[in-house]
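Protein chains in written order, with UniProt numbering: chain A, 1 to 156; chain B, 1 to 520.
Be aware that one or more of the hints could be misleading.
[To be verified] Label-pair ranges, simulated between beta-carbon atoms:
hint : chain 1 : residue 1 : chain 2 : residue 2 : range
1    : B       : D110      : A       : V130      : 48 to 58 Å
2    : B       : N457      : A       : F142      : 50 to 60 Å
3    : A       : P68       : B       : D260      : 39 to 49 Å
4    : B       : D373      : A       : I37       : 57 to 67 Å
5    : A       : T118      : B       : A76       : 17 to 27 Å
6    : A       : P68       : B       : T170      : 52 to 62 Å
[Said to hold, decoys possible] Residues from chain A that keep clear of chain B, each with C-beta distances beyond 12 Å, as calculated:
hint : residue
7    : N8
8    : R17
9    : M19
10   : A21
11   : Y23
12   : T24
13   : V27
14   : I52
15   : I55
16   : H62
17   : Y69
18   : N82
19   : V130
[Said to hold, decoys possible] Covered, in the sense of this in silico footprint (three residues per stretch, anywhere, with C-beta under 8 Å from a C-beta of chain B), are these stretches of chain A:
hint : region
20   : 92-99
21   : 103-117
22   : 136-142
These are computed hints drawn from the structure, not numbers from a lab. Quantities reported herein were computed from a predicted structural model and do not represent experimental measurements. For each residue, glycine too, the CB sits at the ideal point set by N, CA and C.
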Amino acid sequence: MLASSETNPNAYWLNSRGMWAGYTASVIFLFILVNCIPVISIPVVWTLTHGIHNIGNYIMFHYLKGTPYATMDQGETSWMTNWEQIDNGEQFTPTRNFLTAFSILLFILAGFFTIQDTTLTAINIAIMLVGVVPKLPLFHGFRLSQLLSQSSDKEQ
Amino acid sequence: MVTAPLVHLTNQITHTSLVIGLGTIFTASLFCGLIDRLRGVGGTMSTSDYSYITIFEGILLYASEAPTYHIILEVALVLWIIKLLFFTQKYHPNASDKPTPEEEESLIHDWEPEPLVPPLSDDNKVPESPIVTGMTGTYVTVDGKKCLNLATFNFLGLLNKKNIHEVAETTIKKYGVGSCGPRGFYGTMDVHIDLEEKLAEFTGREEAIVYSFGFAAIASAIPAYSKRGDIIFCDEGVGFAVQKGLSASRSQLKYFKHNDMEDLEKLLLDQEKKDKRNPDKAKKARKFIVAEALYMNYGDLVPLKKLVEFRKRFGVAIILEESLSFGVLGKTGKGAVEHFNLTNDDVDIVCASMSLSMATMGGFCAGKTFVIDHQRLSGVGYCFSASLPPFLATAGSEALSIMKESPAMFQELREKAKLFRQLLNDISEIRVEGFEESPLIHIYLAHSQGSRELDKNLLDQIVSDCYQEGIAIVTAKYLESQEHNLPPPSIRLAVSVEHTKEELTKGAQVLKNVFEKRCQ
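Just need the whole structure built from these sequences, with the hints factored in.
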């Protein structure tokens with residue numbers, strides 16, 4: 001933990017077991033909703049559930065930066081993604097492990113139901129990478145946009 | 001207790017509506033074939049037969065039909081989950097590695113305590129400082145000898161004005177010496193508000209704020225506006241107070257070469273390019289240019305016109321430190337903005353110390369009302385420091401009235417500074433640099449002795465020789481380990497409006513003799 005006088009609520013609101021239960025419940029709800037679409041087959045249902053979850057997860061945790069709360073850190077968190085703010089940046093905490101394991105589990109389920117369709121399997125693997133790779137400690141503080149702008153500098 | 005049944009009722013209603021809502025969705029999904037799919041009997045239009053079987057049959061099928069690479073991938077992922085849940089240790093990516101107990105032991109073992117006061121080496125002896133007795137004015141008594149004072153920043157000669165002393169005395173009799181608290185905590189007196197009004201009126205700006213120490217004015221004003229994530233373009237040659245303000249702001253600092261406008265333009269264009277690439281970030285970051293009007297460390301003038309041009313072109317705010325130019329430059333002594341015939345709107349924030357021209361203590365910052373008002377809660381030197389002693393505030397007010405009544409003295413001061421500079425130019429052993437009308441003059445050795453230490457020693461000898469000859473001067477002193485850009489060693493001379501032509505000629509003559517004697 002980093003010492004700070006004013007806590008950033010973004011760091012700990014996901015830590016409660018109620019939030020975990022709510023997260024699981026909302027994914028199950030999403031699964032039911034997708035199932036309500038009449039024409040699509042079961043492999044597509046799983047791919048859709050997996051895809052919507054991971055892309056939403058990417059946007060919420062790895063794309064949006066900053067915090068809706070007024071913090072006393074002189075704007076340090078305004079350049080940090082929500083994922084980086086969890087537990088003030090500490091790695092392998094229960095919340096981080098839960099969210100990573102959740103994404104993997106979802107892929108295993110989706111992969112199980114799409115095994116006969118090579119295209120869907122490939123799509124699911126790609127979706128899994130989108131959800132899981134940014135969560136690795138290796139990518140803490142990594143910015144894809146920065147990397148791209150640097151490489152475009154070199155071209156010039 | 002009355003509300004408890006009501007809360008219970010509300011909870012009941014929420015619960016019931018949730019159950020009904022979820023139940024409806026569940027029923028809807030029934031209609032849509034969800035249950036059919038799970039039971040493996042329904043299914044509508046699908047491409048593969050796989051969607052017609054039950055989950056149980058699926059698992060069997062899966063185990064027999066899944067390709068090997070997929071099984072390997074999934075086993076690896078399952079192992080990863082197990083590792084995540086049971087075999088990982090928390091760590092912080094930004095924390096430094098802690099030493100092991102063995103390493104700690106050996107570090108403690110190796111440590112040899114240094115003496116609290118190390119013995120002084122010969123070249124590091126504290127120089128014997130001359131002792132000044134009595135009042136400081138145009139003449140000053142150094143070690144019992146009356147010397148012409150060319151060291152004190154008493155530009156307008158207000159230090160020994162009788163009516164300022166009288167006003168200060170009356171105030172002490174009325175208020176006592178201290179103000180006993182910060183401005184926001186019982187430390188505000190009518191004299192502070194009066195001084196602020198007078199300063200605002202004198203500078204022609206909407207509002208002014210008074211700090212109790214000149215150093216704190218600029219060092220608080222910069223971090224009051226510029227925070228982490230903001231960008232400051234700063235001259236390399238700024239004085240120590242500005243440097244402390246810059247580091248307290250925690251902003252991104254971009255130094256340009258001293259008075260080099262091309263370098264600044266390059267930095268600004270660079271930033272503009274970066275902003276275009278990342279407009280979201282650019283929207284959040286504020287940008288400032290920080291400069292001194294007359295540089296304390298060099299005595300030269302800032303090209304303010306060019307800065308104002310950049311301000312309009314790139315949308316950068318200007319923070320200008322006017323300590324030396326306030327009461328010196330401009331027709332009515334308002335400072336660099338008046339000198340360059342600019343309007344007050346061209347420079348956003350102006351800070352100055354009151355201990356130079358105004359001959360009192362403290363500092364002030366002037367600007368638009370919303371700019372100054374922000375500092376009353378964000379200027380740390382204002383909020384957390386006891387306010388200016390009331391007698392110094394009235395002395396400042398009185399100094400301002402004198403400056404207002406006799407605007408001719410600014411012109412006179414600049415002419416004397418010009419004259420003294422010309423006299424100094426005759427000395428071949430020294431190099432005189434800086435703005436020609438600046439009353440603060442740095443003189444450097446024309447030919448270095450080889451190292452900074454040798455130069456400093458020579459200048460110190462010259463200074464002590466001058467005391468013998470009846471001239472009081474000082475070398476410029478710096479906290480060498482902390483300066484961002486250490487200026488070369490110099491003697492720092494200050495011209496006052498009270499110096500007569502004869503005194504200045506005599507001063508220059510003595511300097512010439514001493515330099516000729518020492519630099520053979």
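Structure-based check of each hint:
Between D110 of chain B and V130 of chain A the CB atoms are about 51 Å apart, so this pair conforms to the stated range of 48 to 58 Å. The hinted window of 50 to 60 Å between N457 of chain B and F142 of chain A holds, with their beta carbons roughly 54 Å apart. Separated by about 43 Å at the C-beta atoms, P68 of chain A and D260 of chain B satisfy the suggested range of 39 to 49 Å. At roughly 58 Å, the beta-carbon separation of D373 of chain B and I37 of chain A lies within the given 57 to 67 Å, and the hint holds.
Judged by the Cβ atoms, the range 17 to 27 Å given for T118 of chain A and A76 of chain B holds: they are separated by roughly 19 Å. Between P68 of chain A and T170 of chain B, the C-beta spacing of about 56 Å keeps the proposed range 52 to 62 Å intact. Listed as a non-interface residue, N8 of chain A keeps its Cβ farther than 12 Å from every Cβ of chain B; the least gap is roughly 15 Å. The claim that R17 of chain A lies off the interface holds: its Cβ sits roughly 15 Å from the closest Cβ of chain B, which is beyond the 12 Å cut-off.
Against the 12 Å criterion, M19 of chain A stays outside the reach of chain B, whose nearest CB is about 18 Å from its own CB. No beta-carbon of chain B is positioned within 12 Å of the beta-carbon of A21 of chain A; the least distance is around 15 Å. Look at Y23 of chain A: its CB is around 16 Å from the nearest CB on chain B, clear of 12 Å, so calling it non-interface holds up. Taking the minimum C-beta to C-beta distance to chain B, about 15 Å, the non-interface status of T24 of chain A holds against the 12 Å cut.
The claim that V27 of chain A is not at the interface with chain B holds, since no C-beta of that chain comes within 12 Å of its own (minimum 15 Å). Listed as outside the interface, I52 of chain A is consistent with that label: its C-beta sits roughly 17 Å from the nearest C-beta of chain B, beyond the 12 Å cut-off. Separation of I55 of chain A from chain B is adequate, the least Cβ-Cβ distance of about 19 Å exceeding the 12 Å criterion. For H62 of chain A, the condition that its CB be more than 12 Å from all CB atoms of chain B holds, with the nearest at approximately 16 Å.
For Y69 of chain A, the shortest C-beta to C-beta distance to chain B comes to about 16 Å, beyond the 12 Å cut-off, and the non-interface label holds. Its beta-carbon lying about 16 Å from the closest one in chain B, N82 of chain A satisfies the requirement of being farther than 12 Å from that chain. Distance check for V130 of chain A against chain B: the nearest CB is about 15 Å away, which clears 12 Å, and the non-interface claim stands. Counting residues of the region 92-99 of chain A whose CB lies closer than 8 Å to any CB of chain B gives 3, so the stated coverage by that chain holds, three being the minimum.
Only when three residues or more bring their CB closer than 8 Å to a CB of chain B does the claim for the region 103-117 of chain A stand; here the count is 10, and the claim holds. Note: the region 136-142 of chain A has 3 residues with beta-carbon separation from chain B under 8 Å; the three-residue rule is met and the coverage holds.
Figure legend: structure checked against the earlier numbered hints; every hint is met.
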